[in-house]
Amino acid sequence: MSVGIIMLVHTSFNRAAEVARHWSNNGCPVVIHVDKNVKNQDYNDFVESLAGYDQIQFSTRKRCEWGTWSIVEATLIAAEKLLKTNPEVRHVFLASGSCLPLRPVSELRHYLAARPRVDFIESATTQDVSWTVDGLDAERFTLRFPFSWKRQRFLFDRYVRLQRKVRFKRRIPAGLVPHMGSQWWCLTRQTLTALLEDPERATYDAYFRKVWIPDESYFQTLTRLYSTNIESRSLTLSKFDFQGKPHIFYDDHLQLLRRSDCFVARKIWPRADRLYEAFLDENPNEGSRAEPNPGKINQLFSKAVERRTKGRPGLFMQSRFPNRSWENGVTSGPYTVFQGFSDLFEDFEGWLARSTGTRVHGHLFAQERVEFEGRQENYLGALSDAALLRDYNPQAFLTNLIWNSRGERQSFQFSPRDNQKIVELLARDANAQILVITGAWAVPLFYSNANFSEIRVAAARQQKLEGDFVELLRKSYSKARFRIWSMADFVQLPMEPLQGIIDDIGPRGQRRLTEAPKMVDLEGFGQFLQNLKNQGMHPHLVGDFRSDEENDASRRKQRKPYLVK
Amino acid sequence: MRIQRKRWLARAFRKRREMISVVDRSKEVKRNDILIFSTLRNELIRLPYFLKYYRDMGVDHFFFVDNDSTDGSREFLAGQPDVSLWTAEAGYKRARFGVDWLNWLQFRHAPGHWALTVDVDEFLVYPFCDTRSLHALTDWLDASSIRSFGAMLLDMYPKGSINKQPYTAGQDPFEIASWFDSGNYMISKNRLYGNLWIQGGPRARRFFPDNPERAPALNKIPLVKWDRSYAYVSSTHSILPRGLNLIYDEWGGEKASGCLMHAKFLSTFAGKASEELLRKQHYANSHEYKAYQAQLEDDPDLWCKWSEKYINWRQLEILGLMSKGNWA
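Here the protein sequences come in this chain order: A and B.
If you read the first sequence in the working numbering, its first letter stands for residue 1, the second for the next number, and so on.
If you read the second sequence in the working numbering, its first letter stands for residue 1, the second for the next number, and so on.
With the rest of the complex left out, here is chain A (with noise of 0.2 Å):
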């Protein structure tokens, strides 16, 4: 009772000569397929290379190319040779020339020795298999394909479209149901002998010639009609990433293969002299009998496919610059924008740090300078406050300081009299929490000494500016989470709305807030407004802003209620 191993080889000899003098020091027969395309010289060194190891034998060989009959044929023949060559063989395994055993061959046989039956073969039907390329998978089965993919892929693919054009469409043999699944399978003598022995063969092989990659259906479909016990997984690890290629394993990989407890691993990477030299030790540890479980590796992979494919979202860089709405995510993480909050209450940026715990700026796009917390020269990535630099690209600059944030909320103040290059982003991005009480760029021109003139001037533009960017947020296409106050009604009740952005912000079960920012002296505000509109300047941002006698008095009765503990 033993295993025959036959192996597919192409390239890197000097490898597939160690495996295959490690399968044959360890009793197993083995069958060397060599490709055609070799050249004469490299195959005389690499049987040269094998002389003397009679249970190593060679099939005849067969010019091979990916995705085409070839490879089946070549199979076939070089396990007719194996199966009549070793009459003791009761399983087959097809390995290539860049498998690496794991395990110790002699778990590998106990293993198979106990389930004398079994069928190892990764086979599952069309509707089942996610993992083709081109999307092509009933297809493989109804369409002709004699093109190459690699060599003549304009062919190929003006072939592919004529006869959907036309609805051609081939009948499969009577009897077959098309199946799919790794190329890498461990076959018992019973079925395998059923299957090249049957008087139908010569129609299967007609048909699976011109069926795309028939070396992933042919024996994965025909075993269905022989075996009597499949178990539809590949006794080879073997992981493809979403180009269809196969990962590659590395001297790294060393740990993660061994505790994997697969028995072959594909593909190797030829120079990793440090995998080959630790698996195809003479004297390895016995005795463990434990099921195959690659799952770290899934795990690795597919984490790479992952990164390819989507990315870290909110990350520009070298090889990562998003289209527009590809970006999976403007920003890598969520943050708060105020916007009227500083105007409106005197040290805002205290309180709020105060209350949430949290990163709090001042206006990061402020004309002079960039306004970090602690008005810092420099911030997390090394950013500067240069705001020339800032504004050479504001789009970079915040999803630099988002992105070097990561797993600690920011916010910052905004205001009609920052750099509004940045409103477009802010608008779109999901992570943004954009908080505004209209109108509360008044306050500063308030308490500005600046001529009147100047003041209605700079009031009609700031008005102009916010009203755009609320516009922009109430967009349908527009992203950000926000609310928006007007300052009239802020005025009114103004803890309600603060409770609900501490609650918003800060860490949960926050307690009740103890302390409450102190608003800034709006006595004669209202006059200052109307002296605003007596000009033509109608602030209406601001909202409907009560006569300063009635607001007064209301705030005086309403303020304080809010302030329990």
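All clues given are correct.
Cross-link-like lysine to any residue pairs, in silico, SDA-like; alpha carbons within 25 Å at most:
#1 K296/A <-> S144/B
#2 K27/B <-> D42/A
#3 K272/B <-> Y53/B
#4 K267/A <-> S24/A
#5 K464/A <-> N449/A
#6 K164/B <-> N378/A
#7 K225/B <-> R96/B
#8 K159/B <-> Q376/A
#9 K310/A <-> E250/B
#10 K27/B <-> Y53/B
#11 K309/B <-> N378/A
#12 K305/B <-> E377/A
#13 K210/A <-> V160/A
#14 K239/A <-> G252/B
#15 K245/A <-> D249/B
#16 K27/B <-> D227/B
#17 K421/A <-> N190/B
#18 K36/A <-> E80/A
#19 K150/A <-> D227/B
#20 K169/A <-> L155/A
#21 K239/A <-> T138/B
#22 K305/B <-> D391/A
#23 K305/B <-> D385/A
#24 K305/B <-> H363/A
#25 K305/B <-> R354/A
Calculated from the structure, these hints are not laboratory results.
Put chain B on the given structure of chain A with help from the hints.
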């Protein structure tokens, strides 16, 4: 674009006469060898570590163009067994900062090989470079049908004055210049060549805060599976044909990339800067060096509180400066 590419190649062809062969060991280059192409001038002190670093990485042969060195660089290189050396006395600037010379050498010697084009103060870091040789990377790139590999220039600097710790030959420069800026890079797309234009880092922060558009470009495509028809356009920032510049993904994914750690800011820098200023052989009337000179007089410290200390490539990948892509 094709015409422009042909023009650069023709120009490289003309400029070939400016170079005189000193030692030509290119016959020893074997089929799958990885080659380095580099120009230099008076860099003797850097050469021992440079050669060691890339030999250990798996580079098989070095092609140097020596631009009129007077410090013994030429003699040192001529004595190395895996170096082919040319010398050129003509203006560095007229040869488009060495690009013409290297384009010619690449045209002659690089087709079919992976060619790494770096200056002697640039050190390539790529995913898994601590466990996998450069051949592992190029084999993987070949298997993935990728022809060019991007590596952004990462300016490294010491903590404290640049002149404080003298650099000695053979020393790892990043023992001294072990700090970098981790997250202040600005990217825009160059519509003409399709490459990204990256600026930022300590040079933008310290030397060009009021003039950011003049800050030096940091995008680089140093590693290319060479073909006779390829030509670098300006330094290794961009290359033709344009498809080679697409080292970035535009649909949200990340392609594999590395970093070129830049050991420019060492004790050797001040001397270099004044020499270059005298020679007037650098890009855009050497405005970059003028900016340095102005700052150097008050002995600059590029370090700031938020500088990051270099640990390994995994740190750079976590910070988002480079990516493993789908290489695992």
